[in-house]
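J.: Chain by chain, the residues run as shown.
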Amino acid sequence: MNESRWSTGEPRVPWEGAEILYSESFQIVGDDFEHGGEAAAKIKAMLKQFGLDTAVIRRLSIANFEAEMNVIMYAREAEMQLQVLPTAVRVILSDRGQGIPDIAQALQEGYSTATPQMRQRGFGAGLGLPNIKRNTDEFEIVSTPGVGTTLRYTIHLQG
Amino acid sequence: MLMQELVDLLKCQVILGSEFMEGLEVTACFAADLMSDVLAFSRPGSLLITGLASIQSAHTADVADLAGILFVGGKTPAEPVIALVRSQRIPLLTTEMSMFEACGRLYASGLEPGGRP
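These protein sequence lines are chains S and U, in that order.
Going by the numbering used here, the first residue of the first sequence is number 1, and it counts up by one from there.
Going by the numbering used here, the first residue of the second sequence is number 1001, and it counts up by one from there.
So here's chain S without its partners, still in its complex pose:
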């Protein structure tokens, strides 16, 4: 199947070769609703300890939580990698799963393929990817149907 790619925001920091002050990865397991939100909570606690601006922490935490729930709802497993840079915080989330056949459609608010179980958790209303986009300065989606999806998103620390 063909890879499709979508991105928004002006890239300020190169993805390869940038100076990384801190990096840590978290595993997320598909369908594990009982632990859905733990990766986002751990990253938030960590960023608070680093003394980052509370508004930046909130924006990244919201994006992380939505992204984590997307994995739990739609993928088999994923790795969420946090990177703290001198001028930005960013996350790379690579999952093994069904992929997104039509990224533009998935980005429309209200578009959803959720099940009743997902909606019982307060998610699955088609707001996940739009919420990530709303809270980040750079956002890129690369997806291959039947293989998986990689999200990369960045919040700038200055200006």
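These aren't lab readings, by the way, just hints derived from the structure by calculation.
Please note that a few of the clues may not be correct.
[What the hints assert, rightly or not] Short derived list, chain U residues pointing at chain S, Cβ under 10 Å:
1. Ser1036
2. Leu1039
3. Ala1040
4. Thr1050
5. Gln1056
6. Ala1058
7. His1059
8. Asp1062
[Said to hold, decoys possible] A few chain S residues facing chain U, derived, Cβ under 8 Å:
9. Glu34
10. Lys44
11. Ser61
12. Phe65
13. Gly122
14. Phe123
15. Ala125
16. Gly128
17. Asn131
18. Arg134
[What the hints assert, rightly or not] Far from chain S, by Cβ distances over 12 Å, these chain U residues were calculated:
19. Val1007
20. Val1014
21. Gly1017
22. Met1021
23. Glu1022
24. Cys1103
Beta carbons: idealized from backbone N, C-alpha and C, even for Gly.
Let chain S serve as the given structure and place chain U on it in line with the hints.
T.: Chain U in isolation, oriented as in the chain S frame:
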């Protein structure tokens, strides 16, 4: 409004947070069962009012910097939910009142919308 006044007004049971409730003010509330709506539109410091007593409600209150959680309609959170909110050090309340009645009483008492689309 003082959190204690809210507890009296809605006849709440205080599950967590009575030890730091003295003098604690609530100025705004955000009510939803859809956590994506809370994540998208709530303002930090608002009280979350929801009928959804899942672990995701507690995580939502954390990542969105909300001031506390009120479960309406007599929803009782399970122990893992209570344990998570305890670690967040925010109040956790329940009321038998419906979402409509709880919100109506709070709005009539002058509390503001804690965010909007």
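J.: Decide, hint by hint, whether the structure agrees.
T.: These are the hints, each one checked on the structure:
{"no.": "1", "hint": "Ser1036", "verdict": "holds (4 Å)"}
{"no.": "2", "hint": "Leu1039", "verdict": "holds (5 Å)"}
{"no.": "3", "hint": "Ala1040", "verdict": "holds (5 Å)"}
{"no.": "4", "hint": "Thr1050", "verdict": "holds (8 Å)"}
{"no.": "5", "hint": "Gln1056", "verdict": "holds (5 Å)"}
{"no.": "6", "hint": "Ala1058", "verdict": "holds (8 Å)"}
{"no.": "7", "hint": "His1059", "verdict": "holds (3 Å)"}
{"no.": "8", "hint": "Asp1062", "verdict": "holds (6 Å)"}
{"no.": "9", "hint": "Glu34", "verdict": "holds (6 Å)"}
{"no.": "10", "hint": "Lys44", "verdict": "holds (6 Å)"}
{"no.": "11", "hint": "Ser61", "verdict": "holds (4 Å)"}
{"no.": "12", "hint": "Phe65", "verdict": "holds (5 Å)"}
{"no.": "13", "hint": "Gly122", "verdict": "holds (3 Å)"}
{"no.": "14", "hint": "Phe123", "verdict": "holds (6 Å)"}
{"no.": "15", "hint": "Ala125", "verdict": "holds (5 Å)"}
{"no.": "16", "hint": "Gly128", "verdict": "holds (6 Å)"}
{"no.": "17", "hint": "Asn131", "verdict": "holds (5 Å)"}
{"no.": "18", "hint": "Arg134", "verdict": "holds (7 Å)"}
{"no.": "19", "hint": "Val1007", "verdict": "holds (24 Å)"}
{"no.": "20", "hint": "Val1014", "verdict": "holds (23 Å)"}
{"no.": "21", "hint": "Gly1017", "verdict": "holds (18 Å)"}
{"no.": "22", "hint": "Met1021", "verdict": "holds (23 Å)"}
{"no.": "23", "hint": "Glu1022", "verdict": "holds (25 Å)"}
{"no.": "24", "hint": "Cys1103", "verdict": "holds (17 Å)"}
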